[in-house]
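*Asks:* Spelled out from the first residue to the last, the chains are:
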Amino acid sequence: MSLLHIAIFSPFLMAILVPLFYKGLRRIHTGWFVLILPIVLFTYFLQLLPVTRDNQAIQKSFDWIPSLGISFTAYVDGLGLLFALLITGIGALVVLYSIFYLSKEKEKLHNFYVYLLMFMGAMLGVVLSDNLITLYMFWELTSISSFLLIAYWYDRDRSRYGALKSMLITVFGGLAMLGGFLLLSIMGDTFSIRELIAQASELNDHPLFLLALLLVLIGAFTKSAQFPFYIWLPDAMEAPTPVSAYLHSATMVKAGIYLVARMSPIFAFSEYWFWLVGGVGIFTLFWGSFNAVKQTDLKGILAFSTVSQLGLIMSLLGVGAAALQFDGIDDNIYTAATIAAVFHLINHATFKGSLFMVVGIVDHETGTRDIRKLGGLLSLMPITFTVAVIGAFSMAGLPPFNGFLSKEMFFTGMIQLLELDLFNLQTWGLLFPVLAWVGSVFTFIYSMMIVFKTFTGKYQPEKLEKTPHEAPIGMLIPPIILAALVVVFGIFPNILSYNLIQPAVAAIIPSLVEPGEKIPVHISHWHGFSPELKMTIGVVALGAIMYITLNKWIKVYNIFPNKVTINALYDTSLYAAERGSYTLTKSVMTGYIRTYLVYIFVFFIGMLGFTMWTEDAFTMDTSNLAPIGIYEVALVLLIVLATFTILVAKSRLTSIVALGAVGYTVSLFFVIFRAPDLALTQLVIETVSVALFLLCFYHLPKLSRHEERMRFKLGNLLISAGVGIVVTLIAISAHSTKMFESISKYYIENTYDKAGGENMVNVILVDFRGFDTLFEVCVLGIAALGIYGLIKLRLEKKGGVIDENK
Amino acid sequence: MVEMVMKFSLICFSFSMLGLVYRLIKGPTVPDRVVALDAIGINLVAIIAILSMLLRTNEFLDVILLMGILAFIGTIGFAKFLEKGEIIEYDRHR
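Top to bottom, those sequences are chains A and B. Sequential numbering from 318 applies to the first sequence in our numbering. Sequential numbering from 2 applies to the second sequence in our numbering.
I should point out that these hints are in silico values taken from the structure, not numbers from a laboratory. Do not take every clue at face value.
[What the hints assert, rightly or not] Residues of chain B placed beyond 10 Å of chain A at every Cβ, according to the derived structure:
1) Met5
2) Phe9
3) Ser10
4) Cys13
5) Arg24
6) Thr30
7) Pro32
8) Ile74
9) Gly78
10) Leu83
11) Tyr91
[Claimed, not checked] Pair by pair, the computed Cβ-Cβ distance ranges are:
12) B/Ile77 / A/Val1096: 42 to 52 Å
13) B/Phe82 / A/Phe990: 46 to 56 Å
14) B/Leu56 / A/Ile1108: 40 to 50 Å
15) A/Val915 / B/Met7: 45 to 55 Å
16) A/Ala1038 / B/Ile26: 25 to 35 Å
17) B/Phe82 / A/Glu895: 16 to 26 Å
18) A/Val915 / B/Ile74: 32 to 42 Å
19) B/Ile77 / A/Ser898: 30 to 40 Å
20) B/Ile77 / A/Ile1108: 33 to 43 Å
21) A/Val1096 / B/Ile74: 17 to 27 Å
22) B/Lys85 / A/Ser898: 49 to 59 Å
23) B/Met7 / A/Asp994: 20 to 30 Å
24) A/Thr936 / B/Thr30: 35 to 45 Å
25) A/Phe918 / B/Leu56: 33 to 43 Å
Yeah, the Cβ is synthetic: ideal placement off N, Cα and C, and Gly gets one too.
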């Protein structure tokens, strides 16, 4: 247990204390106590920067289940630290924001902060684990805590719907990912990511490689809201805004990005990886931005924009895999895509976090998030407006903000693909820059919508629930800090280059980096009048025109009917699954014992018959059979006659008597086969049970005493004949294949010598194997008590209506 | 010779059993059937006795005794049932 482990577990420990603070110190907002932790953690992780700057890593191990090779190995390298800083840094800002956003009096703060801290700890665990199983454990913890946070206002229908949806989709992905991890561990014989990376080239040829790749990618895509799994994210917007800002823009949705980046050294040599990650990412970018424009809810826009930006990062990570096809990093221009991915990851966390907080402020101060009701808030909320402008312009990719730089680098990465002669890129590669450019145009449009539809235009006070005014300063500080970062990273991008981006990129493509070497990361504003710049100009020009003429072409969205969306698919498939399993259960579980007996017997016949058939098990050996005497034949005829009478008898009474006849004949068989004890017992028992049957018959209600023959059903005949035939065949075969001698000789020899008895049956019952007898006695005792209870205990008669089910 | 006799008597008892079974199935009233059943029990006693002689064992004498008791109890039970409608009466003065 090192300091690093304590740092990762501290949010969980803190979560235990939160309810105490909440109950004990009601006067102070619980958030203030919580705030300390992420700040401390952030400074702690900042301290580790000098280590990772030189591409070094810290590894601390802590045994969990050593016998299974599962340990909690914390591993801090550039990539892990970058995420840890994002989680704790933005976590601190979000906690600060939530202190002002959630009211002390009305909200259940202890729930909120417990969930939030759980999430923070889980997320730290995900990004700092080296062990696949530990990673998966924390991964599921993020899913669960996110589920709890989305449904924070659990009395709302939409919240519960959104929480369930996100839970189903992310847990589906999580399980797929676990499958991938297990395959990886089978392939590499280790759970450690580090050791798997070391044998990456051998894993590539393994037959399970492709399956593992697919499963891990499903996990990453569901968590990071990639096409077609993005549908949970817009519905997760029912969560409180601090949650949306933290989970659904900056951290949890980046867990998938993290996973893809982390697994890149293992999988990225594969063509499938390139096409799946790159292709799905770029399509998600386009699809998310395209759909964002039609949203009318500010958080809806931001949700789709998050989907789209995550697609951007994902596609860059996929395209960055191309760099691995070349050796060395000196003139390897394809590393640019990976650098852009990491840079945009940071940028997106800053501007998207601030935008969510801005939307939260607008919602908090006006009572609505609907852009059709908002407008003209510019003069009322100048600071919020400024932050929104910075965030949205950065998202649109305008200079001098950081989004501009990462968008330029994104275009660079996509254009470079055109020169690549790999993976059939000559034919389909053109799609990448085209989709990227179209997606950027839509990104520009919705970014402008966020700013101008909210803050400019006509002020409509009559549609607002509250009188809008500027937010309290505490609520403004976090978005201001983030906006300041947007500007600072925009103007001085190189403070990030070698501190954060280079180590992270080195962790994503370690095979290209010699020890002691560094990947050249230099982000420049002006790199000549290049195609990227022309593309950006094109984006701004076309985007501006389209934004102005938005009302003319917004009808385009009506072409796509609501029924063919993925949401509708999700809803109908969920409904169909429920209906389907209901109908299936309903049709299979009829409630009739008769049906279940049919299942059991058909299965019995099928199973045993099939085994007999396939194993060719039927044998018949007549060598050890005894001669048949006349009495046996007579008794067999008698028993057959009695059995037949049971079946065809018209009245139940006849059946009962015939059953008694069968029983007595059996006792005669016992006589003939020389079993006096059995014969005695059989006689008594048969008498008693016939008497009991008569008792039951006597008490039958008059109405149902049908004096009619059992009805004939062909199915029943076939099944009963089948059971009889199968059992007979098995009995014959079993008798014909005697593997070894019986052990009865021992009893014969020792009944008198060792046990001191002459009746062998009784000696076996009470001496050699008396243990069974004890429990047979128990069975009889229980049966007797049960019958007594059934007769005596009549709850419903004691004083009116008492339902036994209660 | 003795064995032949015993086998012959077994066959005789079997035929008499058949006749009793016929009465049991046919017997127009319940008392007819009960008497037939009782006689079947006694017949069984005889059969078992002869069988144990044939098998040269005295282990089945218990069975014979038991058959006798059971046949008696069964017949008494039936008789009481036919008489009073129940076998074990409910004691009011407990």
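*Asks:* Within 33 to 43 Å or not, the Cβ separation of isoleucine 77 of chain B and isoleucine 1108 of chain A?
*Replies:* 24 Å, violated
*Asks:* Note whether the CB distance of valine 1096 of chain A and isoleucine 74 of chain B lies within 17 to 27 Å or breaks it.
*Replies:* 25 Å, holds
*Asks:* Determine whether the non-interface label on arginine 24 of chain B survives the test: each CB of chain A must be over 10 Å from its CB.
*Replies:* With a cut-off of 10 Å, arginine 24 of chain B remains clear of chain A, as the shortest Cβ separation is near 13 Å.
*Asks:* Glycine 78 of chain B: least C-beta distance to chain A exceeds 10 Å?
*Replies:* Label violated. Min Cβ-Cβ 7 Å, cutoff 10 Å.
*Asks:* Taking 10 Å as the cut and beta carbons as the points, is phenylalanine 9 of chain B off the interface with chain A?
*Replies:* 12 Å, holds
*Asks:* So the hint says 20 to 30 Å: do the beta-carbon atoms of methionine 7 of chain B and aspartate 994 of chain A match that?
*Replies:* Holds, at about 24 Å.
*Asks:* Range first: 16 to 26 Å. Now tell me if the beta carbons of phenylalanine 82 of chain B and glutamate 895 of chain A are that far apart.
*Replies:* 57 Å, violated
*Asks:* For leucine 83 of chain B, is the shortest CB-to-CB distance to chain A above 10 Å, so the non-interface label stands?
*Replies:* 12 Å, holds
*Asks:* Per the stated criterion, does the least C-beta distance between isoleucine 74 of chain B and chain A lie above 10 Å, as a non-interface residue requires?
*Replies:* 8 Å, violated
*Asks:* Minimum Cβ separation between cysteine 13 of chain B and chain A greater than 10 Å?
*Replies:* 13 Å, holds
*Asks:* Taking the CB of phenylalanine 918 of chain A and the CB of leucine 56 of chain B, does the distance hold inside 33 to 43 Å?
*Replies:* With a Cβ separation near 39 Å, phenylalanine 918 of chain A and leucine 56 of chain B satisfy 33 to 43 Å, so the hint holds.
*Asks:* Quick check: does the Cβ-Cβ distance between valine 915 of chain A and methionine 7 of chain B fall within 45 to 55 Å?
*Replies:* Given range 45 to 55 Å: holds, Cβ gap about 49 Å.
The structure is inconsistent with the numbered hints 8, 9, 12, 13, 17, 19, 20 and 24, although it conforms to all the rest.
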